[in-house]
Amino acid sequence: MIGGLFVYNHKGEVLISRVYRDDIGRNAVDAFRVNVIHARQQVRSPVTNIARTSFFHIKRANIWLAAVTKQNVNAAMVFEFLLKIIDVMQSYFGKISEENIKNNFVLIYELLDEILDFGYPQNSDTGVLKTFITQQGIKSASKEEQAQITSQVTGQIGWRREGIKYRRNELFLDVLEYVNLLMSPQGQVLSAHVAGKVVMKSYLSGMPECKFGINDKIVMEAKGKGNGGISGNTDSDPARSGKPVVVIDDCQFHQCVKLSKFETEHSISFIPPDGEFELMRYRTTKDISLPFRVIPLVREVGRTKMEVKVVLKSNFKPSLLGQKIEVKIPTPLNTSGVQLICLKGKAKYKASENAIVWKIKRMAGMKETQLSAEIELLETDTKKKWTRPPISMGFEVPFAPSGFKVRYLKVFEPKLNYSDHDVIKWVRYIGRSGLYETRC
Amino acid sequence: MTDSKYFTTTKKGEIFELKSELNSDKKEKKKEAVKKVIASMTVGKDVSALFPDVVNCMQTDNLELKKLVYLYLMNYAKSQPDMAIMAVNTFVKDCEDSNPLIRALAVRTMGCIRVDKITEYLCEPLRKCLKDEDPYVRKTAAVCVAKLYDISPSMVEDQGFLDQLKDLLSDSNPMVVANAVAALSEINEASVSGHPLVEMNAPTINKLLTALNECTEWGQVFILDALSNYSPRDAREAHSVCERITPRLAHANAAVVLSAVKVLMKLMEMLSDETELVGTLSRKLAPPLVTLLSAEPEVQYVALRNINLVVQKRPDILKHEMKVFFVKYNDPIYVKLEKLDIMIRLASQANIAQVLGELKEYATEVDVDFVRKAVRAIGRCAIKVEPSAERCVSTLLELIQTKVNYVVQEAIVVIKDIFRKYPNKYESIISTLCENLDTLDEPEARASMVWIVGEYAERIDNADELLDSFLEGFHDENAQVQLQLLTAVVKLFLKRPADTQELVQHVLSLATQDSDNPDLRDRGFIYWRLLSTDPAAAKEVVLADKPLISEETDLLEPTLLDELICHISSLASVYHKPPTAFVEGRGAGVRKSLPARGTVSEDTQPQLQTVIPNQESLIGDLLSMDIGGPPAPAAPAAPASNLDLLAGGLDVLLGGPEPAATATTATGSATGLLGDIFGAVPPASYVPPKQCWLPADKGKGLEIWGTFTRQNGQMRMEMTFTNKAMQAMSGFAIQLNKNSFGVFPGGALAVGALAPGAAADAPLALAAAGPVQRMDPLNNLQVAVKNNIDVFYFACLIPAHILFTEDGQLDKRVFLTTWKEIPAANEVQHTISNVLGTADSIAQKMTLNNIFTIAKRNVEGQDMLYQSLKLTNNIWVLLELKLQPGNPEATLSLKSRTVEVATCIFQAYEAIIKS
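For the protein sequence lines, the chains are A and B, in the order given.
Oh and the first sequence: position 298 is 298 in UniProt numbering, straight run, nothing missing.
Oh and the second sequence: position 8 is 8 in UniProt numbering, straight run, nothing missing.
Because the hints were derived from the structure by calculation, they are not lab data.
Be aware that a few hints might be false.
To be verified - As a list, the in silico BS3-like pairs of lysine-lysine whose alpha-carbon atoms are at most 27 Å apart: (1) Lys207(B) <-> Lys258(A); (2) Lys143(A) <-> Lys131(B); (3) Lys67(B) <-> Lys130(A); (4) Lys286(A) <-> Lys323(B); (5) Lys328(A) <-> Lys323(B); (6) Lys217(A) <-> Lys317(A); (7) Lys67(B) <-> Lys286(A); (8) Lys405(A) <-> Lys19(B); (9) Lys360(B) <-> Lys305(A); (10) Lys128(B) <-> Lys143(A); (11) Lys217(A) <-> Lys319(B); (12) Lys95(A) <-> Lys323(B); (13) Lys284(B) <-> Lys258(A); (14) Lys211(A) <-> Lys284(B).
These figures come from a predicted structure and were not determined experimentally.
Assemble the whole structure, with the sequences as input and the hints as a guide.
If you want it as C-alpha cells, here you go:
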C-alpha cells in the first residue's frame with residue numbers, strides 16, 4: 001500500500017510530507033526531487049522506479065503530488081486517490097497553489113491522517129469529511145452527534161446525513177456533453193465520440209429515493225418488452241413509439257447508484273448526496289450530430305507565403321444558437337505577418353500561440369461563414385518541414401449532440417409528507433466541444 | 001489568519017524559543033508552538049530535541065492540538081524510544097475515551113509508533129477496540145492489526161488477533177469488512193511461512209460479495225483485490241462470482257473497474273471458451289476498458305498498460321475498438337507511446353488502411369521517440385498483415401524522402417526486417433536506400449544497411465564499392481556494424497568470387513589481426529577457415545536460409561503474461577514485470593498464476609522456430625543466432641551515470657575495489673591452471689554421495705548405486721552394480737533417454753559378468769551433444785540398463801554442476817553488460833541456509849566446480865560474490881552470492897536468458913557449498 005505522500009512546490013521544496021510505512025525513509029523525499037523534479041531529461045511516465053521504490057506523481061499548477069511505495073500496490077487506485085486528494089483540497093481551500101497549501105498545512109495533515117490509514121484509503125467524501133474535520137476545533141459535540149458522525153463515515157449511505165430539511169424541495173439536472181472529433185482534411189470522420197455527464201444538484205428533505213429514466217436503447221427495449229408482452233419484436237419497439245433512442249456504449253455511476261439494480265433491472269435508482277454531484281458519466285459513438293463542420297483549405301504559395309481558407313458550417317436546428325465559438329488555426333513558427341478577412345466574428349493572429357484565433361459570439365443553426373488568411377513567412381534554412389497541427393475549435397450549444405434525453409426523475413420520500421409532484425425539477429442540456437479537431 | 005508564517009522562522013536559538021513557548025500556560029500559544037514544530041519537521045529540520053516538551057502537550061481536550069502532537073510522535077518516537085514511554089499512559093487513557101473519534105485516533109496512532117515498549121501496551125486496547133460498539137473504531141482497529149503484524153507477526157498470531165480479524169469479515173458494517181479484508185490480504189501476503197494464514201472459503205466470499213454492494217469505492221477495491229486471490233471450486237461457482245462482479249464495471253472509479261476486470265479475466269480462465277458467459281463477458285469488458293481512456297492521463301496510462309496485457313491474453317475483446325486508441329494531438333507523450341503499442345497489436349487486415357493513415361500522420365510529429373516508434377510500427381504492420389506490406393513499404397519510402405535523419409534511419413532498420421519476411425519482393429527499392437547511405441550515423445541503421453547490401457550483393461552493381469567505403473573507417477565502427485561488415489563482405493565474396501578476393505582478404509585481416517574484439521576475431525577466423533578449407537561448405541553456412549521472423553513483436557512470454565493478468569491494475573502490470581522484480585523480501589508475496597483451464601489441451605507440437613526481432617537484437621544471422629548465451633560484448637561498458645539503479649550498484653565493480661577483485665580471479669584461475677598441469681594432485685570437484693538408483697527388488701536382484709562426476713572436463717556416471725540374485729548376470733548394456741541437456745553415453749559399459757553376491761564398479765563416460773528433449777524436472781535423466789535377465793528402467797537427477805564447462809569465466813565487463821542486459825524478469829533468488837565458510841573459501845570451492853568468481857566486493861558488511869558459469873549447451877548463467885559474516889543464511893541471485901535452469905543450478909550450488 002501507499003508508503004508515503006509528499007507535496008512539493010515547483011522548485012522541489014517539500015511542503016507536506018507524511019510517511020505511513022516504515023519502509024519509506026526520509027531519503028525517498030530527496031530521491032524523487034533529484035530523479036524526477038530536477039531530472040535532466042523530462043520524466044516520461046507518471047510512475048517512476050528509483051532503487052526499488054516506486055513513485056506515482058501528478059502535477060497540478062506547479063505543485064507536485066507524489067505517492068511512494070515499496071510494494072506492488074494497486075496503481076489505478078493510487079492515481080484515483082491522488083486525484084481525490086486534489087478534489088478534497090480544492091473543496092476545502094480552493095485553488096491548489098503553494099500559498100494555499102502552506103496556509104493550510106495543519107488542515108492537510110489532519111485530512112491525510114483521516115483519509116489514509118497505513119496507506120489504505122478511507123472514506124474520502126468531502127461532504128462527510130466536512131462534518132468533522134473543520135479546523136474550527138470540534139465543539140465538544142454531544143454523544144449523539146459523535147455517533148452520527150461515525151456512523152456516517154462508515155455507513156452504508158456514507159454520502160448523505162440524516163435530518164436534512166428544505167422548505168422548497170428542488171432539483172436541477174444538467175446534461176453536459178463533450179463532443180470529441182477527429183476529422184480528416186477531406187471531411188471523413190476518423191473518430192468521434194461524446195463524453196457526457198449528468199450533474200445533479202439536489203435540495204431535497206429527508207432520505208429521498210430517486211429513480212432516473214433516460215432514453216437509453218437497452219432500457220427502452222427492456223421496457224418495451226415489459227409492456228409489449230410476450231413476443232413483440234423488441235428491435236422495432238422504440239422505433240414504433242417514434243421516440244429517438246440513444247445507444248450508450250458505456251456508463252458509469254456515482255457511488256450512490258445501486259449498480260446491481262442497474263445490471264438486473266436497467267433502472268437507475270439512488271439516494272442522492274445533498275447538493276451538487278456527478279450522477280453518471282456515459283460515452284456514445286453512434287449517430288452523433290456534429291454541431292459544426294470545419295472545411296480547411298491550405299495552399300503554400302512559394303516559400304514565403306501561405307494561403308488559408310476556412311469554411312465553418314453550423315449543423316443544427318436554425319432556431320437554436322451556438323455560443324462561444326472559437327476556431328484556432330495553427331500557423332508555422334516562422335510566420336512574420338498575417339492578413340485576415342472574416343465574414344463573421346473577430347479574428348486575430350496570436351504570435352504567442354502560433355495560431356490565428358477566430359472568435360464568434362453567436363451563430364444560429366444551418367448557417368455558413370468563412371475566413372481567409374494570407375500568411376507571410378520568413379525564409380528559413382531549416383530543412384525540417386512544418387508539420388501542420390490540426391485546426392481545433394470550441395463551442396457551446398443548447399442541446400445534447402448524442403441525442404441523450406432525460407425521461408423522468410421521480411422522487412419518493414415515504415417518511416416525509418412531500419410527494420414527487422411537489423418537487424420542482426429543472427433540466428438543461430449543454431453540448432460543448434471536447435477535442436474537436438480537423439486535420440489540414 | 002494563515003499558517004504559512006510557521007514556515008518562515010529561521011532565527012538562531014529557535015529551538016530554545018520554541019521550548020519556552022511549548023511550556024507556556026496559554027493554550028493558544030502552545031498550539032502555535034506545536035504548529036511551528038510541525039512546520040520545521042516538514043521541511044526536514046531536526047526538532048527531536050523538543051520531544052519531552054511536545055509530549056507534555058499531549059493531554060489536552062483540543063482534538064486539533066492532540067492530532068498535531070500525535071503526528072510529531074509518529075515521526076520521532078523511534079529516535080527517542082525511552083521518552084516515548086511517557087506517552088503510553090495518555091494513549092491507553094484515550095482508548096477508553098467516550099468519544100469514538102478519540103478512541104480511534106489513539107489506536108490508529110499507537111499502531112504507527114514502532115517502539116517495542118509501546119507495542120507491548122497496544123495489545124489490550126487493540127483487543128477492546130476490535131470489539132468496540134462503534135464501527136468507526138472497529139474499522140480503524142482492523143487496519144491496526146496489519147500494522148502490528150508488520151512490527152511483530154508472532155504477537156498477532158499469539159494474541160489471537162487473526163481470529164478477531166476474521167470475525168470482522170462478518171461485521172454488519174461494510175467499511176469494517178473492507179478494512180478487515182485489506183488487513184487480512186496484507187497479512188496473508190507477508191506471512192513468514194509463505195502460506196496464507198487465513199484461507200478464504202465460499203461462505204466468506206459470499207459475505208464479501210454482499211459487502212461489495214455497500215461499501216465505499218476504496219473498500220470495493222480492497223474486496224475485489226482479495227477476491228482475485230480466491231479460486232472457486234468449480235466452474236459453477238466461478239460463474240456466479242462473475243455475475244455478481246460484472247456490475248462493478250460501471251463504477252466511476254477506475255480502480256474499481258480495473259480490479260473487477262482482473263477478477264473477471266482470472267475467472268474466465270476457469271470457464272471453457274464455448275460457454276455463453278465467456279462470450280458475454282468479453283463483450284461486457286470492452287466498453288469499460290474504452291471508457292478508461294477518457295480519464296485523467298495518469299489513470300489512462302495505467303489503463304493502457306493493462307489493456308496491453310488484456311489484448312495479448314484475449315485479442316478478441318478489443319478487436320473492434322481500434323479507433324479509440326488513435327493518438328490525440330495533446331495526449332501526454334507517455335499516453336501516446338502506449339496507445340501506439342496497442343494499435344500495432346490490434347492491427348489486422350480489416351483496419352490496416354486506417355492504421356497506416358494514422359501512423360503516417362504520427363511519423364511527421366515533433367517528439368523524436370514517438371516518431372521513431374511510429375516508423376517502427378509501420379514496419380511491424382507490414383510484417384504482421386501481409387496484404388498491406390506493399391502499402392507499408394511505399395509509405396516508408398515516402399518517409400525516407402523527407403530526409404529527416406532519424407526517420408530515415410528508423411525506416412531502414414524496419415525495411416531490413418521486411419526484406420527478411422518477404423524475400424525477393426521489394427528489392428527494387430534498394431537503390432533508394434543506397435542513396436541515404438551517407439546520412440546514417442546510428443549503429444543499428446548502419447548495420448541494417450550493411451546487412452541489406454550483403455544479402456543482395458548480387459543485385460547491387462557497386463556492392464563492392466559500397467562495402468569498401470565502409471571498410472575505410474572499420475575501426476571506428478560500432479562492434480555491431482563491424483560484425484555485419486565482416487559477414488556482408490563474405491557473402492559478397494561467395495556470390496561474386498571473381499572480383500572481390502582482395503576485399504575479403506582485407507576484411508578478414510582487419511577482423512582477425514587488428515581487432516581486440518574476441519567475437520569479431522572468432523567470427524573472422526571461422527570464416528577464414530571455412531573459406532580456405534571448403535568454400536562449398538562456407539556457402540552452405542553463410543548463405544543458408546534464415547529462420548522465419550515472428551509476426552508479433554515484444555510479446556510477453558506466456559507464463560509471465562498469465563502471472564501479470566493476475567496482477568492487473570497493480571504496479572506489476574504497469575511495469576510488465578513480476579512483483580519479485582521490484583519488491584524486496586517477503587512483501588513480494590507468493591507467485592500468482594491463472595487457474596488451470598477447464599478443458600486442457602496439451603500442445604505438444606513442436607513450434608516452428610522463429611525469432612522475435614527487437615530493438616537490441618543483432619541482425620539475425622546464422623552465426624550469431626546459434627549462440628544461446630549472451631551476445632557479444634558489444635558496447636564498451638556504459639558510463640556509470642547510465643546505469644540502471646535497479647541493477648544494484650554493480651558499477652562499483654568497474655571503478656571500486658579493482659585490485660581485490662582481480663586478486664581473487666587471479667588466485668582462482670591460478671589454482672585452475674595448477675589443476676590442469678598436475679592433473680592428479682588438485683582437490684577434486686564435488687562428487688555427490690552415491691544414491692540407490694535401482695533397488696534390488698525392482699531390478700530382479702540387480703542393485704545399482706550411482707553418482708555423477710566431472711573431472712578434467714569429462715563427465716562420468718559412476719555406478720556400482722551389485723548382483724543380489726542367485727544367478728550370474730552378464731551382457732550389460734546401458735542406454736539414456738533423450739534429455740534436456742543432450743547427455744548421452746560416450747562409450748560402452750565396461751562391466752563383464754557378475755557372479756551372485758559380487759559387485760563391480762561401472763564407470764560410464766558421458767558426452768553432451770546428443771538429442772535434446774525437455775524433461776521435467778529439467779535435470780531428469782531416464783536410464784535403461786539391460787542384462788541377460790531383463791531391461792530395467794530408472795530415473796535419476798543429473799547434478800547440474802557436472803554440466804558446468806571449464807570455459808565458463810566471463811570477462812568482468814562482459815559480465816557487467818550482460819547482467820544489465822538480461823531483463824529483471826529473468827532474475828531468480830534463492831536463500832541458502834546453514835552456509836559455512838568465508839567468501840574466499842566458497843569462491844575457491846566453486847572454482848573447482850567450474851563456477852568462476854568474477855569479482856568480490858564488500859558492501860555494508862556483506863560479502864558479494866559475482867560468478868559466472870556456462871552449461872554444456874552454451875547457456876550462460878550469472879550469479880550473485882550475498883553473504884553476511886556470522887549469518888548462516890546466504891542469498892543467491894541468478895540471472896540468465898534461460899531462467900528455467902535456475903532450480904537445478906540452485907540445487908547443485910547448495911550441494912557444493914555444503915560439501
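Outcome of the hint check:
1. Taking the CA atoms of Lys207(B) and Lys258(A), the gap is near 18 Å; set against the 27 Å cutoff, the hint holds.
2. For the hint linking Lys143(A) to Lys131(B), the alpha-carbon distance of about 19 Å falls within 27 Å, and the restraint holds.
3. In summary, the hint linking Lys67(B) to Lys130(A) is supported, as the alpha carbons are separated by about 17 Å, within the 27 Å threshold.
4. Using a Cα cut-off of 27 Å, the hinted pair Lys286(A) and Lys323(B) holds, with the two alpha carbons roughly 13 Å apart.
5. With a C-alpha separation of about 24 Å, the suggested pairing of Lys328(A) with Lys323(B) holds against the 27 Å cut-off.
6. Note on Lys217(A) and Lys317(A): the hinted pairing holds, with a Cα-Cα distance of about 24 Å set against a maximum of 27 Å.
7. Straight-line distance between C-alpha atoms of Lys67(B) and Lys286(A) comes to about 54 Å, which puts the hinted pair past the 27 Å bound.
8. Taking the CA atoms of Lys405(A) and Lys19(B), the gap is about 66 Å. The hint is violated against a cut of 27 Å.
9. For the suggested pair Lys360(B) and Lys305(A), the alpha carbons sit about 26 Å apart, so the restraint of at most 27 Å is met.
10. Restraint check: the Cα-Cα separation between Lys128(B) and Lys143(A) comes to about 20 Å, which is no more than 27 Å; the hinted pair holds.
11. Taking the CA atoms of Lys217(A) and Lys319(B), the gap is near 23 Å; set against the 27 Å cutoff, the hint holds.
12. The suggested pairing of Lys95(A) with Lys323(B) is violated, with an alpha-carbon distance near 36 Å, which exceeds 27 Å.
13. A distance of roughly 18 Å separates the Cα atoms of Lys284(B) and Lys258(A); the hinted pair therefore holds under the 27 Å criterion.
14. Distance check on the hinted pair: Lys211(A) and Lys284(B) sit about 24 Å apart at the alpha-carbon level, within 27 Å; holds.
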